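The chain contents come next:
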Amino acid sequence: MAAQNIKHALFCAVITLIISYPILGFNLEAQGINVTIVGANATTIMGVFLAALVVFVFQLFRDSIMGKLGNLSSLSSGTHKEPMAENKRVKIESWVLTGIVVLALFWPFFMSRGAVDLATLVLIYIMLALGLNVVVGLAGLLDLGYVAFYAVGAYTFALLSQYLGVSFWFALPIGALLAATFGLVLGFPVLRLRGDYLAIVTLGFGEIIRILLNNWTSLTGGPNGIGGIPDPTLFGMEFGRRVKGEGNTSFHETFNIAYSGEHKVIFLYLIALVLAVITALVIRRFMRMPVGRAWEALREDEIAARSLGLSRTAVKLSAFTIGAFFAGFAGTVFASKQGFISPESFVFLESAIILAIVVLGGMGSQIGVVLAAIAVTILPELAREFSEYRMLIFGAAMVLMMVWRPQGLMPMRRIHIELKKQE
Amino acid sequence: MLEVQNLSMRFGGLLAVDQVSLDVQEREIVSIIGPNGAGKTTVFNCMSGFYTPTGGKILFEGSEVQGKPDYKISRLGMVRTFQHVRLFNQMTVVENLLVAQHRHLNTNLVAGLLKTPNYREREQKSLDRAAYWLERVGLMDLANREAGNLAYGQQRRLEIARCMVTEPKLLMLDEPAAGLNPAETKDLNQLIVSLKEDYCVSVVLIEHDMSLVMDISDRINVINQGRPLASGTPEEIRQNDDVIKAYLGEA
Chain A
449 MAAQNIKHAL
459 FCAVITLIIS
469 YPILGFNLEA
479 QGINVTIVGA
489 NATTIMGVFL
499 AALVVFVFQL
509 FRDSIMGKLG
519 NLSSLSSGTH
529 KEPMAENKRV
539 KIESWVLTGI
549 VVLALFWPFF
559 MSRGAVDLAT
569 LVLIYIMLAL
579 GLNVVVGLAG
589 LLDLGYVAFY
599 AVGAYTFALL
609 SQYLGVSFWF
619 ALPIGALLAA
629 TFGLVLGFPV
639 LRLRGDYLAI
649 VTLGFGEIIR
659 ILLNNWTSLT
669 GGPNGIGGIP
679 DPTLFGMEFG
689 RRVKGEGNTS
699 FHETFNIAYS
709 GEHKVIFLYL
719 IALVLAVITA
729 LVIRRFMRMP
739 VGRAWEALRE
749 DEIAARSLGL
759 SRTAVKLSAF
769 TIGAFFAGFA
779 GTVFASKQGF
789 ISPESFVFLE
799 SAIILAIVVL
809 GGMGSQIGVV
819 LAAIAVTILP
829 ELAREFSEYR
839 MLIFGAAMVL
849 MMVWRPQGLM
859 PMRRIHIELK
869 KQE
Chain B
4 MLEVQNLSMR
14 FGGLLAVDQV
24 SLDVQEREIV
34 SIIGPNGAGK
44 TTVFNCMSGF
54 YTPTGGKILF
64 EGSEVQGKPD
74 YKISRLGMVR
84 TFQHVRLFNQ
94 MTVVENLLVA
104 QHRHLNTNLV
114 AGLLKTPNYR
124 EREQKSLDRA
134 AYWLERVGLM
144 DLANREAGNL
154 AYGQQRRLEI
164 ARCMVTEPKL
174 LMLDEPAAGL
184 NPAETKDLNQ
194 LIVSLKEDYC
204 VSVVLIEHDM
214 SLVMDISDRI
224 NVINQGRPLA
234 SGTPEEIRQN
244 DDVIKAYLGE
254 A
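As given, the protein sequences belong to chains A and B, one line each in that order. Here the working numbering is used: the first residue of the first sequence is 449, the next is one more, and so on. Here the working numbering is used: the first residue of the second sequence is 4, the next is one more, and so on.
Please note that the accuracy of each hint is not assured.
Okay, derived cross-link-like pairs now, SDA-like style, lysine to any residue, Cα gap no bigger than 20 Å in a straight line [said to hold, decoys possible]:
1) K118/B to R732/A
2) K128/B to I471/A
3) K118/B to H864/A
Some chain A residues well away from chain B (every beta-carbon gap over 10 Å; in silico) [unchecked claim]:
4) G670
5) S698
6) I705
It is worth saying that the hints were derived from the structure and are not from the lab. From a predicted model like this one, the values you see are computed outputs, not experimental measurements. Glycine included, C-beta positions come from ideal geometry on N, C-alpha and C.
Here chain B stands alone, though its shape is the one from the complex (with noise of 0.2 Å):
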């Protein structure tokens, strides 16, 4: 459903993508991983329409998307996290879940005011989603505080809900267990897997704890300095001999 092909991005003399490729298939899990500074971030901010890539063709469901506004992607059906928690934070739990159903609501104005059936219908139906996927994460109990408050670990899972609200096809996550400690990274990890099978979501993550990575992924793809340095299963992976140097040094 989702093609990369070639893409490639530069920063003045920086070249920070170099023909990366990648695709993902409905109902897979495909990971980027590479080490710092690899250009992970900016393949998804490619991808997300943050940046307009200088190079390559991205296709989602056939259709191109590279160079698009950031919200038209997001309308089509590609929502991403970022690496740090971005939540709006004076605003309370389900107030940010709310937000995200911006497209789902009746934003006309005349028809809030005078609280029209269909507004109603529509407000009601946004507020059920927001409560499902508070209770799925298990932040029901925290519905009415300010998201700045909320520990970092229930912020993370925040953010993944506020993504699902939007009915995504494709969900891409940046990083999203960092920081997080052992026990929360395993919850996240049968969450994601949980997205997958439940609700038909596409998932790419970038990831550096590569026990998840590992776990999770269908297919990984590794990159090096921008460049596409291998990809394949997991299995593979573990035994690419380019992947290990990458990683570990020149033995």
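If we strip away everything but chain A, and leave its shape as in the complex, we get (with noise of 0.2 Å):
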């Protein structure tokens, strides 16, 4: 045993002194046109070596360290309890998301400009999570490319509004349709496919729609972009300086206040909150819905779902489409609240970051995806005074996590349902 754990903890630490060395023993200097290597200084190589030392103590005791950690009250005190009356929880629960929605309602107004901009931006996240929740966490369809669906909303909204100068509010429900259009597309070809499969055709598709963006250059601007998009605008009234659209008004002279930059920001951040709300609660119901049940059904096994008369292309379509169709909603948003959209936005990086939210979340699990979806967008800013390190971190939070927790930061509960007791 002890012999054992000291082979294995001699394994880790030279392990750690082969990845830690090379990256931060040696740097690369320019002098001149000349690249040499130069060696780090002491403090440098005595931290990597620290650090094998510490790896190598660690792995040494680790059973009686973690032994010790999960006897803490504090991290497993939730474990243990009895579980509550199940219409209380459900009463507490919805007391406490009202107050959670009344409260962001109002806390932009007493926040910076830079907060309340990145709170759009968790909201906008928030969207694109709950909408590939359904697609991935409830349907169980491994959805790679998701962020195509995004990029569809984005640019629809950006190309209505430049070439027929179509408004943010009626480019939403088209943007958002049109999402879905290309959801049931994506969804025809890969009927049959599961699994690895499908998760490798969705990543080309998610590739050939940025790839498209970038290259149909008459059109799209290709890599340079679409700028310009009009911000919303609120029963006809602007929220800029001046008004640049006819028979429109500015915000700040119908009200007679001052100009602030900051009302366009709390409105998109509001229409952000409304929508992501409306988001939550639309799935929300479907998830109670005959067609929740079916997405969930056919995760479970597709072959029993057939034989109980479930038909497979249905109930995948009705996935994809819906999912599809709250990207379009984020990515229309996203594209007013950019004002510049260009395919870089796009990148494989951000389907995997939507569905690194549903897992860390929970799959199929609502607040867990919205909690996610914070903590994934505010922790890279937080920690943005690391600098390069801030996505090393990121990462080792995941992996942590994913050793910790690995059905996500809040799992899915099923939903009890109250049968009338046969007398």
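From the two separate chains plus the hints, produce the assembled complex.
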């Protein structure tokens, strides 16, 4: 036992050295036109060896350390508690959620512009993650090209406003419906595919959309993107300093208040908030409707589902279409928030991040997904001072999550259905 | 009501089912027996639409169903269970029963979002039906447990209940007694007979448990190596020399 531990610990320490020494121990320095390798200073090298030592000691006594960690009551206090009565829990939950939404409504008026901007981004990610949750979490269809539908929503608004001068409010449903159509179109060829094969095809689809946008220069402007996307208006009132659209009035003049750039940011935030809440509520209803149960049944056992009269085509296509619809929503808001979009915003990494949010939050769980969206969007911002290490911290956080809570932040809870007692 | 005529199924060079015929009348329990690998489950898979048979006809209530997609056959009223229990493991027991009633529900998305009276009424009806069948198979207390956490015998019963809520005309049971203890087998025996007597369902049964087969079958078909060997009442089968040979080997 002990000998095995030492061997394992030694192995881990050596691996640590092999990984960290070349990365941290050597620096590239430019001298004129030549680049030379210079050994790092003594402290860095000391640090590397210290890290290896820490890994060694931790691995040596891992069992006892982990055992003590597990006994810490603060970490596992929830696990041994009796579950609350079902109706009580639902009541508390809905009150808390209402409270949070109300708080979120008034919160931006007291915050800085940057914070509100970031919060809008969080809300966009929440919409995306909730939509992807339908496809991946509920229907169990691994979609790696989800960002394509997001791009469709964003580009729909951008193109409609550029060529036809369509406003945000008209573009919003059009963008969502067009994204849904693309979801339907993608759904058909992948009907028979599952798991890995499906993931590869969706990955390809995501890339096709991005490359198309990148190369169709005459329509989309290619890598230069599309700029000058208008901001949303409130009943014909614009939030800019000067009115751009015909027949519009400006917000600050109508209400006779001083112009402030924050009005626009807050307004966008509120739109995103309302749309995110609508997304959450609609999908929540779907989950309890026949269609939601059919998604889950197909994920659990496709053959059994079909033998009970569920059509695979209808169920899969509905999941893809509805998931894509909400991505289109998010895309339209995103285009309006940025004012400028280019294919750069819709790379595979975006798909991966949205998928990470769903997995971290707990597949199928809405509250979990919302929490994860907040964490994943804000964490890199908070870790900004660590500059280049922030992606490292992000990755480490994800690995730790998967080790300790593989089921996600808040695993999905089944809905308790009360049956009328038969007398 | 069901007539299988000269059914054949070929997988490449292997003729798994060769010229098998059988028929099922209303309110009748017909068993298919045979040694392992005889092609019983393949016959089932053809009947339920999982395979498209390479030859022969399957008539259900007078219309040909061979080659139709499985979910359509199921909607006609031919529903099956599986040799290995296939429940929706992470869903609760009630949800399993609700999924099965999908085609009886109002699946219009808008109706569901707005909770129209029609939607509610159908939802309530299916809940009542689920409750009735849970009571019937004795799983009422476990209604909100996850199906995957049930004991094996309970899972078997839930699978039958899940078929019954679809209100089938013909039930196809693939080895329903596999893995059950004698007491559970006896309960199952009574349940199947009651399905026939009280709910007017015809049953096609694949089973290795001879006591169960002999007890409840109205007629038995024996298949050996894909070919029909004998058919008749339990009494006739018991005395059939070919069947004894196939099961016990040449004396």
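Checked hints:
1. K118/B to R732/A: Answer holds: K118/B to R732/A is near 13 Å, not above 20 Å.
2. K128/B to I471/A: violated, 66 Å
3. K118/B to H864/A: holds, 19 Å
4. G670: Nearest chain B Cβ is 38 Å from G670/A, so the label holds.
5. S698: holds, 37 Å
6. I705: holds, 38 Å
In this structure, the one hint that does not hold is number 2.
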